[in-house]
Every structure is written in structure tokens, then in C-alpha cells.
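Novice: Assemble chain L onto chain S, guided by the hints.
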Amino acid sequence: MRKFKIQNVKCKIIVFLIFAILILNLTFLDKASAELTVDVQPNHIGIGFFYHGGKVNVSGITSPDTDIIMTITSPEGYQTLKRKGKVGGLFWMNTGTLNFEKVSSLYILTSTKKIKDILSKEEINKYLIGYEALENHIDISPVSNEQEKMKWWLEFVKFHEASKLYEISHGRITLKQGTAGIPAGGEGVKAKQTYCISSNWPYQAVPDTYTVTVYATRDGKIVEKAEKNVFVEQVGIIKFLANMAKDKGALYGIISIVVALSVGFSVGMIFRKGGAH
Amino acid sequence: MYFYLPVALTSINIFIPVGIGLAVGLLLGLFGVGGGFLITPLLIMFGIPSTVAAATGLNQIVGASTSGTYAHWRVGNVDFKMGFHLLSGGFIGGLFGVHAIKILRAMGNADFAIKMTYVLMLGIVGTYMFIESIQSMRKKKVEKVEEVKPERKSGISGFLKSLPLQTYYEKSGVTHSALVPIILGVFVGILAAIMGVGGGFLMVPVMIYMLRIPMHVMVGTSLFQILFICIEVTFLQAYINHTVDFILSVLLLLGSTIGAQIGVVFNRRLKTEQLKILLASIVLAVTVKIILELTLTPSLLLSQAGGHG
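These protein sequence lines map, in sequence, to chains S and L. First residue of the first sequence? That's 1 in UniProt numbering, and the numbers climb one at a time after it. First residue of the second sequence? That's 1 in UniProt numbering, and the numbers climb one at a time after it.
With the rest of the complex left out, here is chain S (with noise of 0.2 Å):
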């Protein structure tokens, strides 16, 4: 009887081994087949005097036979918009103010492939990818029901993709099949891929911490996610003017008017040296 019970314990020490292996196998193999990278360059935008937006590219690693979609977003947070409506079934009119919360305020995604090709509607949904997602995403108030909803949305959408701060692509990322270092497939084996994407970063960005995100997909799954950040503040004489604009109000209006009236001034006794009468 008491050699049973040995026997017992025996056999559950081995199976919680075994277990335990298995996971920490899984967990292993996991990191390991990791391929997925993601580089930005720059990832530090310094907005200066003649800043006009620019050009991001985004390059990395991925496994063979994967698809890939990037998203660049800012933090969420909430935005308050005037609404034109008719009045009178007549006049366009402002007819109040609409609150949109859980917001990006960019929003750029592109992939190899149309998403509903590469990415089933689950996993559209599940890592927030495309307008739709979003839309069940967000809240805005004050709306009356879904119908409603989806139209300001899309005066949303609309309203942003106007000053380039949302747009969706297609077909715009490079893949090319193995890499330098990396072995070219040998039989059976096939090779990783590299792919680059050159993004217009619009100017109308403001100043904030921007994620890159790179997602891996295959069978309508999203495999492999990898994330940078690009950094985008204000540098030099626009970083002090900007500050003192918030901080010094009072000393700030006073110089503007005190530039504006001896700029005056000094035009009109140009005018009046130049014998313009």
C-alpha cells in the first residue's frame, strides 16, 4: 500500500516535470521565432523655422509568407468639434458642438494588401485596425443612436483625412525576399523577407509621441506585433516662441503690438523717404 502511494507521487512529480518543460519549451520556442522587427528613421522630428513636414521610413524583418500592415498613431484622447447641420431646411449652419473621445489625432495605416484580404473581421476588430474598428472603438456624444454615430464618424474620418492627418494605403510597402546575413532558402526552407515603407509625415502633426506599429499577418491572423516610437517636438526659435505664447500671454501680446505698430511706422516713413506722395 505505502509503495503505491510512492509510486503515486513518483508519477505526479514526473508529470508536473514533463508540464513544466513543455511550457517552458513553448515559451522558448515562442521568443525564438520571433522575426519580426521594426526600425524608424528618423524617429526624432525637430519642428524648426522652416519645418514642412517630411518623410518617415520604416523598415524591418519579417517571416516568410507573412503580409504586413503599420499603423502610426498618437496617444488616444478626446476632441471637440463644431457640427454644421441645416436650419430652416435652408442655411448651413454651426447647430452646436460634438465630443469625440478615445481618439487618435493621426491616424496612418498602410499594408501589402487590402485588410479584408489579409486580416479576418475578429482580428480587425480585436487590435482596432482600419476606420471600422475604430468606429466601435470611439464614443461620441452628443448622438441619438448608431446611425448617427457612423455619420459623424465619418465627418470625422472625412474632417481629418482634409488636413492629411488620416489616410489608409495599399500596396505602398516594399517586400523583398532574403537579406543580407540572412540565408537565401535552401530547399524546403524558405527565406525571411525584408520590407520598407516611406511614409509622408504631414506637418499638421503637432508636437506629441507618435507609435509605429508593425503588424505580421498570416491566415487572416495577426502573427508577430513589433512597435517604435517617432518623437515630434518643437526646436529653436518656434519651441521659444510657442512657450512664451502659453507662458508670458501679457508680454507676448504686448511685443506682437509693439512689432506690428513700428513695422507700420517704419512703412509709412519708407513710403515717405521714397517720396511716394
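What the hints contain is simulated information worked out from the structure, not anything from laboratory work. Treat the hints loosely; a few may be bogus.
To be verified - With a straight-line Cα cutoff of 27 Å, these simulated DSSO-like cross-link-like pairs (lysine-lysine) come out:
id, chain 1, residue 1, chain 2, residue 2
1, S, K225, S, K192
2, S, K82, L, K115
3, S, K55, S, K192
4, S, K84, S, K102
5, S, K82, L, K271
6, S, K158, L, K289
7, L, K115, S, K86
8, S, K126, S, K225
9, L, K289, S, K84
10, S, K84, L, K115
11, L, K161, S, K86
12, S, K158, L, K115
Predicted model only: the values in this text are computed from it and were never measured.
Specialist: Leaving out everything else, chain L in the frame of chain S:
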């Protein structure tokens, strides 16, 4: 060449604000109208947030009206007495306007009421000026030598004469109750506060037709009054709302101060009727623009909150 604007948080081609400034400066020098009605929508059109557009527009009007006032003062076109009376009314009106806008907003569709009033007033003033200018131009051609008829005493002018505090304004060569420019100033101050415009656009025609002030003196005096109102509002906007963009303002100033000087030169060379007909055409064009904005479906149904527009 692009410049980044630290308060508007956007980048702009240098030729856009300089061009806008030039056009607005020309109007300022020619007619003494501030151009607030023109500059704010134009800046918004080029991607400047409405609050920054309105406040910075006012700051550039400070520069342009300094240049214009100085040029008019040199040729003796500024009626300081009239200017101070308008100004005192303007300050009271500005304060009153800030409260009036709160009441109007609480009542409901304030924007609609304001815009409709504006359309009606501009439409009536523009049409009247246009017809009157054409008539007087024709008359001058046909009956050049005809004797000047004694001025008709209309109901309005009779009422104006009956008011107390009758004052002689030497520069303008007219006698009016001091209450008239003060009340007019109050009215313009209210408009400036509510609509974010200088109000010169309405004041100039009213002063020409109601107060019978010579066009040239009126323009100089209006500029003088606009200068002080805009200084007050610019300071308040910078101090309270932080919406004045220094770089945008300097770029606008570059264009507008030169434009104002050119405007003053033309103002001296053009005849009063020609000036009136030009101003009437612009008033009517602005009226049509507002009507179109009100009736055509806008491309975007959302806009930045916090400004006029």
C-alpha cells in the same frame, strides 16, 4: 518657401500670408476698412485654426492701420475729435458685446441670427451705395455745370440735428451731436466682439451717408479708430486665449503695410464716386459669398471649435 507657425501649429507657404496681407492692406488704405471680414476666412481657407486666424488677423490690422493712419495724418485726413468719440463708444460696445454674445448664445441659434443680420445689413448698404454711386456719376457727366441743389433734409438728418451736445468737427467740416459717433462706436464695438470683425465695413458707409463726412477724412479717421480697437483686442486675445501667432502676424504685416501705402496713394488719386462704387462692389461680393456659404452644402460638416466660422 515654407515657414512653420508656432501657435497655429501648421506650416504655410510664405507667399500666402504676404499676398493676403497685401490685398487686405490695399483695402485698408483705400477705404479704411479693417479687412477682418476678409482676412479671417482667407486664413481659415489655408488651414489656420479659426481662433488663431481671427486674433492674428487683428494684430496685422494694427500694423497696417498704423501705416495707413500715419499716411492719412500727414495729408490731414484724420479727424481726431471724431476718432476719439468713436473710440470711446467702441470700447463700451466691445465690453457690452462680450456679454451680449453670452446672452445670444444662451438664447439658442445666435450664429444664425448674427449671420442673417449681417447679410441683410451688408446687402442693403452695398446695394444702396452701388446705385447711389452710379447715379451720381451719371449726373456729373450730364449736368456738369448744374447748380448744386440745397441738401434735402431727410427725417434722419433732422433727428440727428435735434440731439443734444452738437459739436463742430473741423476736419470733417460737419456739425453733429457727439452722441452720434459715440453710439455708432458702441454699435461697431458690439459687432467687433460678436463677429470678430473690425466693423469698419459697416461704419464707413454709414458715416458717409448718415454723417455726410468727406470720404477721404472718413477713411483716415476710421483707420485711427480701428488701430486702437485692434490693439485692445489683440492684447486680450494674446493674454487670455494665447491665439496670436507672431510669425504669421509678421508675414501678414509685410504684405499689408505695403498694401496700405499703395491703397493710400490710390485713395488720393481716385474720385469719391469711383471709391464708393469700388467699395460697394466689394460689400456686395462679400454679401454674395456669405449667402453662398449659408445655402450651399459645405464639403466638411465639422470644423475646429472655439472660433468664428
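Novice: Each hint needs a verdict: does it hold in this structure or not?
Specialist: How the hints compare with the structure:
Among the hinted pairs, K225/S with K192/S is consistent with the structure: their alpha-carbon atoms are about 16 Å apart, no more than 27 Å. For the given pair, K82/S sits about 16 Å from K115/L by alpha-carbon distance, which is consistent with the 27 Å threshold. With a CA separation close to 26 Å, the supplied pair K55/S and K192/S stays within the 27 Å bound. Restraint check for K84/S and K102/S: satisfied, since their Cα atoms lie roughly 22 Å apart, inside the 27 Å limit.
With a C-alpha separation of about 45 Å, the suggested pair K82/S and K271/L falls outside the 27 Å cut-off, and the hint is violated. Pair hint K158/S plus K289/L holds up; C-alpha atoms about 24 Å apart against a cutoff of 27 Å. With a CA separation close to 14 Å, the supplied pair K115/L and K86/S stays within the 27 Å bound. With a CA separation close to 13 Å, the supplied pair K126/S and K225/S stays within the 27 Å bound.
Between K289/L and K84/S, the direct Cα distance comes to roughly 17 Å. Compliance with the 27 Å bound is thereby established for this hinted pair. For the hint linking K84/S to K115/L, the alpha-carbon distance of about 14 Å falls within 27 Å, and the restraint holds. Distance hint between K161/L and K86/S is unfulfilled; the C-alpha atoms sit about 45 Å from each other, more than 27 Å. At roughly 26 Å between alpha-carbon atoms, K158/S and K115/L fall within 27 Å of each other, so this suggested pair holds.
Of the numbered hints given earlier, the model fails hints 5, 11; all others are met.
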